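Peer 1: These are the residues of each chain, in order.
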Amino acid sequence: MGQGQSQFTEEELQDYEDLTYFTKKEVLYAHQKFKALAPEKVGHNKNAKLPMAKVLQYPELRVNPFRDRICKVFSSSNDGDCTFEDFLDMMSVLSENAPKAVKAEHAFRIFDFDGDDMIGVSDLREVIERLCGPELKLSDSEIQQLVQNVLEEADLDDDGALSFAEFEHIIDKSSDFCHSFRIRL
Amino acid sequence: MEEEVESIEMNTSSARRAYTLRNNVARQVAVNFMPSRQIAHNTLRLRRVNSEHNALLDALVDAPDAADAQADIIVREMEQHQSLMEDNPVSEELRREALRDLPQCLTMKRNVRAKLSASVSLRSKRRPISFLKRLKYRISFAWKRTRDKFRDFIFSIELWYEAIRNIEGHLGSAVGSYFHLLRWLFGLNLLLTTFLLCFVVVPQALHDQAGNGTTELGALDFISGRGGLEHTLLFYGHYHDAEIASPGPLRYYMPFAYFYTMFCLYLMFFAVLCYRTAYSYRRNFIEPSGGTGALSQLLAAKLFCGWDFGIASPAGAALAAHALYLEFKELLNEQNRKKMITSAWVRVWQRLANVLVTVLALAIIAGILYGLWLLLAVEELTENREIYISLAITAVVSLCPVLLHFIVKLEYYEARTAFYVTLARTWLLDIGILVILLIYWSRSDDECWETRVGQEGYRLVILDVLVSLLLIPTVELVRGMLFKWKVLEAAPEFDITYNSLTLIYNQSVLWLGMLFSPLLVVAVTAKFLLLFYVKRESALRMCHTGKKVWRAAQTQTVLYMLVTLSLFTMLFAIGSVFLRSSSVSCGPFRQYEHVFAIVSEGLLQLSRHHTLRAVLHFIVRPGPIAFVLLGLCVCVYIMRARAAAQRSMAAILRQMLRLQAKDKDFLLNAIEKVSNGEWLYSPKAEEYGEDSHTWKYLNEVRKPSNAGFHFDGSRLSHSFLERPKSYVKENRPTSYHTERPKSLEDGDTDSSFSWQGSSSYLNQKGEAEEKR
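Just so you know, the protein sequences line up as chains B and A, in that order. The first sequence runs contiguously to residue 185 in UniProt numbering. The second sequence runs contiguously to residue 772 in UniProt numbering.
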């Protein structure tokens with residue numbers, strides 16, 4: 001893995017190794033995967049910016065219900081288009097070695113659809129709708145009930161929305177988060 | 001009034017939402033300037049602060065130097081950490097970690113790093129570094145480099161990486177966890193194989209070569225392990241009991257090699273397993289429960305951790321979505337059923353049923369074990385008797401999990417408890433069988449019972465190959481085919497429980513047989529290797545994602561725990577049987593009276609050192625051992641007490657956190673009112689003389705309260721009479737209130753400065769605006 005001619009200098013690799021949770025070989029492997037999304041474009045410019053639709057070709061992202069949010073959160077231009085560095089960032093956070101706190105931080109941003117730094121009622125509704133997939137629909141009152149339950153469970157200060165601290169509290173209590181919030185390179 | 005308020009809320013909902021939003025931003029600003037946010041205590045908080053700044057800075061994202069400004073903010077915050085800003089490798093490493101944990105994009109990180117290192121070199125005073133320090137730094141650098149290289153190396157040799165990833169992509173990470181267990185056990189056994197081959201098998205083979213001997217093999221010998229195979233490298237009895245004949249000048253004393261290799265391997269693997277299990281247990285059981293299990297955030301956790309990000313196939317994704325949908329439905333149903341009030345009798349019946357079925361299951365297990373004991377004692381079936389017995393055992397071991405799985409359905413357990421109960425019962429059966437075998441053979445009057453146990457292990461492993469490599473895959477294939485031809489309704493799932501139990505059973509046989517048949521390790525390793533490929537094919541081709549969302553993390557811990565427990569039991573059994581009564585006519589220890597004599601005579605040579613002998617004799621007497629045990633008990637008790645104390649402390653702290661969050665909210669609201677000029681409290685006019693008791697009481701005894709303020713109606717721009725009566729507590733019959741009839745509300749207690757009052761005031765304001 002990661003053998004063959006490299007588009008990166010040793011310094012660049014060291015740089016990436018310092019700033020992400022990957023080793024050099026893993027960085028190269030990630031680049032292979034990135035290149036597979038758009039071979040000629042990336043072959044030309046190793047840090048080419050790929051449009052969101054192209055990035056979403058990545059198998060795990062393609063079927064993920066939060067795919068567009070993931071791309072937007074990690075995109076440096078905030079529009080979902082990703083350069084290789086953004087992609088590397090994404091994979092690094094989703095990798096096994098990233099600590100829970102970093103994962104939680106990004107997960108919070110992914111679930112915060114309206115970007116008000118709180119996961120409010122509308123965000124929770126959106127999460128539930130996306131989780132159930134495009135075909136199956138819960139009725140409006142059912143979703144309402146679920147949202148109510150979540151807030152009752154987790155909204156400690158009764159402000160009708162989950163702040164980051166409350167979100168992190170949920171994550172801390174769940175043993176499965178690190179298992180599920182993970183894409184293996 | 002209530003209805004009125006509601007109608008107002010309905011009418012002005014949009015206006016109110018806008019208000020709340022503005023409110024939120026303002027509040028966020030205020031929160032960010034709170035002292036706790038300003039002083040970054042640790043990297044965790046540092047990270048969060050940055051992201052909040054980030055949120056605030058989003059407004060000026062269009063500005064060209066926004067990124068630069070943001071980087072400046074982050075750098076400034078990091079500069080507050082003394083430990084991060086020193087010019088030495090340790091703090092450089094810390095800086096590197098802090099940077100890596102920053103939830104920012106790479107460009108930003110790079111920017112911050114550049115600024116940071118500039119700032120560091122600016123701050124650092126060039127001081128000569130002492131030789132020792134330099135050495136320390138050099139070592140830490142080298143260590144870090146080696147570690148990175150090692151990780152790189154691990155990644156490049158990681159076995160079955162793509163395969164497991166593929167499986168996780170199709171079937172979810174729960175099935176993946178089975179394959180992780182399989183791979184882990186395979187790695188473990190590979191390591192065992194290497195050590196055993198190097199230190200035990202190869203030297204013996206060299207010895208055999210010197211004095212060669214040939215034997216002929218029958219076909220059944222390969223299964224039974226007897227006949228021609230009995231006196232080969234396979235079994236304990238064959239191993240030499242003195243120095244091996246080697247051509248060179250090196251001396252190799254076989255009993256030592258055999259004993260210490262086995263001893264070290266058993267201990268080493270026991271330590272590794274204990275560590276692994278404890279780590280997993282801490283991560284998946286203790287940390288999530290956080291001291292008290294009072295807060296169950298079931299639904300919230302399902303919402304945010306429900307999606308398995310590893311899923312990569314559209315079919316798998318559709319199934320996963322369906323599973324989540326069903327689970328939500330189920331949760332809602334459960335809630336709507338309003339918790340049927342189970343009568344005491346029903347509960348008694350359920351308990352009784354649980355107890356009865358447990359007794360029944362235990363009776364079945366005991367019955368099987370007793371049957372096995374009787375079967376072993378039957379001497380009539382002379383021809384190939386062992387093979388029949390091993391076949392029977394294999395059949396029992398592969399069928400009983402199914403039986404126990406059905407039995408547990410008679411009981412009233414939750415799904416997860418039922419799973420654990422089945423697991424525990426099956427494990428008990430497996431271990432029981434192995435222990436019975438060991439005991440039977442050690443009591444038999446065979447001249448070399450160790451070889452017999454080794455053969456037993458060998459047969460069990462060989463016959464289990466038939467089951468787990470041929471029979472089960474065939475069953476899975478047939479099931480898959482039936483589903484494909486629409487004969488079966490339900491899609492076949494990958495049975496994690498059954499498959500994991502097979503692995504654990506095999507590993508237990510290995511723990512038992514390794515000592516008596518060193519090459520068994522090779523067989524099990526090879527089998528696991530094959531098993532991986534067979535299972536991968538059958539999982540990918542025949543199985544589908546489960547209907548239920550399976551929680552992998554805790555299950556995995558339980559599986560590790562069972563592997564460790566089986567090793568512990570086996571160590572205990574071997575220790576109490578083998579060390580006491582090893583046979584005198586075969587094996588590497590035949591020169592010694594007991595096996596442990598190899599330590600006492602071979603290594604320590606106690607017969608020559610009388611003092612040491614006396615000391616050891618004293619230590620192993622019941623008195624000192626009881627004393628040590630007592631000491632351990634006291635230690636455990638103290639630890640328990642400390643754990644309980646910490647748990648209650650955690651509960652208190654959690655309660656405090658909640659209260660503080662409420663305080664914060666309350667204060668922020670109050671501040672907001674002040675800033676809007678709506679403060680309803682003004683300092684009281686002094687009406688008492690210096691010698692008034694009330695004055696003294698208010699000023700000295702109740703100094704910290706807000707007694708000096710009173711409710712000032714004149715500050716209110718709206719008609720006061722519209723307020724609901726309940727909030728205007730005009731005539732409160734407290735002793736000194738009556739002295740001041742002027743003040744409507746004296747603000748003496750905190751309750752009068754209530755959240756409800758102000759919110760009602762807010763409503764009023766909204767109404768007023770509406771009217772305008």
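None of these hints come from the bench; they were simulated from the model. Predicted, not measured: the structure shown is a model, and the values here were computed from it. C-beta: ideal position from N, C-alpha, C; glycine also. A few of these clues could be false.
To be verified - Ranges of calculated distance between the beta carbons of each label pair, as one might list FRET restraints:
#, chain 1, residue 1, chain 2, residue 2, range
1, B, G115, A, A353, 49 to 57 Å
2, A, F131, B, D116, 53 to 61 Å
3, A, M268, B, P51, 33 to 41 Å
4, B, N78, A, S119, 26 to 34 Å
5, B, K33, A, A645, 47 to 55 Å
6, A, E672, B, D114, 18 to 26 Å
7, B, P59, A, L197, 37 to 45 Å
8, B, E96, A, L399, 52 to 60 Å
9, A, E334, B, R62, 53 to 61 Å
Peer 1: Hint by hint, say whether it matches the structure.
Peer 2: Now the hints, each set against the structure:
A hinted range of 49 to 57 Å for the beta carbons of G115 (chain B) and A353 (chain A) is consistent with their spacing of about 54 Å. Look at F131 (chain A) against D116 (chain B): about 57 Å separates their beta carbons, and that is inside 53 to 61 Å. Look at M268 (chain A) against P51 (chain B): about 53 Å separates their beta carbons, and that is not inside 33 to 41 Å. The hinted range of 26 to 34 Å is satisfied by N78 (chain B) and S119 (chain A), whose Cβ atoms lie roughly 28 Å apart.
Separation of K33 (chain B) from A645 (chain A) is about 50 Å and conforms to the stated range, judged on CB atoms against 47 to 55 Å. About 22 Å separates the C-beta atoms of E672 (chain A) and D114 (chain B), a value consistent with the hinted range of 18 to 26 Å. For the pair P59 (chain B) and L197 (chain A), the beta carbons lie near 41 Å from each other, so the given range of 37 to 45 Å is met. Separated by about 38 Å at the C-beta atoms, E96 (chain B) and L399 (chain A) break the suggested range of 52 to 60 Å.
The beta-carbon spacing between E334 (chain A) and R62 (chain B), approximately 34 Å, falls outside the hinted interval of 53 to 61 Å.
The structure shown violates the earlier hints numbered 3, 8, 9.
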